Amino acid sequence: MSALLEQIAHCVEFGKINQQSPYPPDMKGQPGADELAKEALEAGIRPEEVLSGGLVVGMQKVGVKFRENKVFVPQVLMSAKSMAAAMAHLKPFFASGAIQRKGTVIIGTVAGDLHDIGKNLVSMMIEGGGWEVVDLGVDVSTEKFIESIEQYPGCILGLSALLTTTMVNMEETVREIKAKHPDTRVMIGGAPLTEDFKNSIGADYYSPDPQGAVEYLEAV
Amino acid sequence: MEFFQTPFKLSELTIEKGDIELLMGYSPGESPEPFPEIIDEVYRQLLDHCSPEGGYTILDNPKFSLDENLTRVGGHVFKTDKIVTRMLRKSERLAIFVCTAGEGIGIWAKDANASGDPVRGFIIDTFGSQIAEATANKLHKIIGEEAGKTQKTISNRYSPGYCGWPVKNQQELFSFFPEKFCGISLSPSSLMYPIKSVSGFIGIGQEVGYQAYTCDSCNDKHCIFRRLRKKKPEPV
Ligand code: B12
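Taken in order, these protein sequences are the chains called A and B. The number in the numbering used here is simply the position in the first sequence, starting from 1, with 703 added. The number in the numbering used here is simply the position in the second sequence, starting from 1, with 252 added.
These are calculated hints, taken from the structure and not from any lab test. Some clues are possibly wrong.
As the list claims (entries may be wrong) - Between beta-carbon pairs, the in silico distance windows are:
{"no.": "1", "chain 1": "B", "residue 1": "E268", "chain 2": "A", "residue 2": "A894", "range": "21 to 27 Å"}
{"no.": "2", "chain 1": "A", "residue 1": "A894", "chain 2": "B", "residue 2": "E264", "range": "27 to 33 Å"}
{"no.": "3", "chain 1": "B", "residue 1": "T266", "chain 2": "A", "residue 2": "A801", "range": "53 to 59 Å"}
{"no.": "4", "chain 1": "A", "residue 1": "K794", "chain 2": "B", "residue 2": "G281", "range": "37 to 43 Å"}
{"no.": "5", "chain 1": "B", "residue 1": "F255", "chain 2": "A", "residue 2": "A798", "range": "55 to 61 Å"}
{"no.": "6", "chain 1": "B", "residue 1": "G281", "chain 2": "A", "residue 2": "A798", "range": "42 to 48 Å"}
{"no.": "7", "chain 1": "A", "residue 1": "S844", "chain 2": "B", "residue 2": "K393", "range": "38 to 44 Å"}
{"no.": "8", "chain 1": "B", "residue 1": "D300", "chain 2": "A", "residue 2": "E709", "range": "41 to 47 Å"}
{"no.": "9", "chain 1": "A", "residue 1": "A798", "chain 2": "B", "residue 2": "E264", "range": "28 to 34 Å"}
{"no.": "10", "chain 1": "B", "residue 1": "Q257", "chain 2": "A", "residue 2": "E771", "range": "43 to 49 Å"}
{"no.": "11", "chain 1": "A", "residue 1": "K773", "chain 2": "B", "residue 2": "D292", "range": "24 to 30 Å"}
Please read all numbers here as calculations on a predicted model, not as lab measurements. Positions of the beta carbon are idealized from the N, C-alpha and C atoms, including for glycine.
Using the sequences and the accompanying hints, generate a full structural model.
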């Protein structure tokens with residue numbers, strides 16, 4: 704039973720989507736996360752175990768390797784794709800409430816900024832960590848963030864900014880969120896950001912990489 | 253004010269697949285399967301999706317203050333900071349340039365993402381970045397050739413947002429150009445649209461020199477170009 708979960712985790716870590724998928728080359732012809740997740744559920748493994756013992760484990764491994772520069776963005780995207788293939792089999796269980804996610808994370812790139820590659824990666828990793836992600840997209844206004852907090856009580860926020868000029872908007876957004884919802888936790892990221900900047904704007908957490916966000920979410 | 257503005261053919265630009273791999277994080281020729289095939293496939297279709305364009309204007313009499321780390325030109329003050337001010341200080345004229353890979357490549361990348369293929373989307377996006385850079389390089393070369401006609405040399409190209417030069421100065425930089433020059437617009441938050449665009453200054457003068465390794469004079473430890481330089485084989 705656990706061998707199947709290990710196999711799923713392996714597929715996710717190495718980006719093996721399904722049997723037809725030629726990637727990674729050394730797993731050609733073998734079943735991928737798609738078939739294995741289905742098989743696991745049919746074999747009676749509980750859906751939450753498929754999630755926590757298979758998908759989350761695989762995504763965590765790839766997240767750590769990405770942080771250590773052992774793999775790069777395209778490989779993380781392959782992993783995310785294979786996670787999504789397995790996740791499709793879990794969808795009905797989320798819908799019925801048979802499995803619960805750890806919580807909701809609202810993510811978006813701040814007002815005035817259109818960069819989304821980094822934000823998308825973070826959002827895939829967080830979803831792979833077992834969280835529900837609501838992606839508000841790019842150029843997200845403060846009002847939109849606040850509306851979403853009200854729509855998803857208890858959520859945690861993830862804000863992204865790639866330019867020093869839009870970091871100013873991030874500061875404003877964080878200030879207004881904290882004024883209205885002081886208990887809402889806000890994590891931030893993006894190439895020009897720093898720990899000092901996080902402290903100066905009163906955000907709760909800064910991470911230069913997606914895995915840091917996943918670890919922070921586990922810790923809070 | 254005179255403006256030079258031109259579209260470029262893809263064949264005029266130097267786009268190397270190895271550079272795409274570098275930008276993706278790999279050493280040239282070493283990205284794992286299936287990425288080389290996707291790179292090839294995207295490369296073959298590039299022509300249909302990008303419209304590189306660039307332009308510049310030349311301003312006389314720039315003044316550089318090494319005490320204040322400022323450049324004054326065309327009635328504006330640019331906070332070019334230490335490195336860029338020092339590198340440009342001997343310029344008799346400044347070429348102010350903008351260029352873009354065009355809007356199409358960003359749309360193409362978005363479409364690939366939306367159709368559930370983020371890897372292809374990312375590779376297309378990386379090509380977009382590289383084309384924007386290659387267009388800036390081509391423009392740099394043209395400006396160098398023009399300067400050469402009057403026995404002048406040119407500096408490296410420097411962009412707001414690098415080496416401590418605030419991105420905010422994009423507002424002043426764009427004020428030299430007519431609206432939508434080369435199809436590029438600037439938002440109030442100083443973001444250029446199309447996204448795959450680059451702007452900057454190039455110094456022109458008798459004593460202006462080109463620096464092969466600017467990384468050595470910069471202290472940004474996290475800059476991607478430092479990392480790329482380490483991976484790229486030195487020319488033999
Ligand atoms: C490729 C690139 C370009 C390309 C394309 C850019 C694009 N948006 O598509 C081109 C060549 C066109 C370009 C142009 C410019 N660029 Co540029 N560019 C880059 C570069 C090298 C990579 C960006 C990228 O795609 N990264 C890959 C993704 C995956 O990384 P990421 O978005 O940072 O996300 C990661 C982390 O930040 C983090 N993260 C992100 N969001 C979040 C959120 C949370 C909650 C968490 C926890 C983590 C997190 O996790 C992600 C995964 O690891 C960066 C340098 C760098 N090291 O990042 C500069 C960079 C973004 N550019 C910069 C600048 C200045 C510019 C220009 C203004 C230069 C100019 N004057 O022409 C223009 C602006 C273009 C515009 N449209 O206005 C600066 C911005 C900082 C600043 N000074 O404001 C950077 C940081 C370079 C630098 N100076 O160090 N650029």
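Now for the hints, and whether the structure bears them out:
1. A beta carbon spacing of about 24 Å between E268(B) and A894(A) agrees with the range 21 to 27 Å that was offered as a hint.
2. For A894(A) and E264(B), the hinted distance range of 27 to 33 Å is satisfied, since their beta carbons lie about 30 Å from each other.
3. Distance hint for T266(B) and A801(A): a CB-CB separation of about 55 Å, consistent with the stated range 53 to 59 Å.
4. Separated by about 40 Å at the C-beta atoms, K794(A) and G281(B) satisfy the suggested range of 37 to 43 Å.
5. In this structure the supplied range 55 to 61 Å holds for F255(B) paired with A798(A), their Cβ-Cβ distance being about 58 Å.
6. One distance hint, 42 to 48 Å for the beta-carbon pair G281(B) and A798(A), holds here, with the actual separation near 46 Å.
7. The supplied range of 38 to 44 Å is met by S844(A) and K393(B), whose beta-carbon atoms lie about 42 Å from each other.
8. Between D300(B) and E709(A) the beta carbons are some 44 Å apart, a value that agrees with the proposed interval 41 to 47 Å.
9. A C-beta distance of roughly 54 Å is found between A798(A) and E264(B), which places it outside the suggested range of 28 to 34 Å.
10. Distance hint check for Q257(B) and E771(A): the Cβ-Cβ separation is about 45 Å, which falls inside the suggested range of 43 to 49 Å.
11. Remark: the range hint 24 to 30 Å for K773(A) to D292(B) is upheld by a beta-carbon distance near 25 Å.
The structure is inconsistent with hint 9 alone, although it conforms to all the rest.
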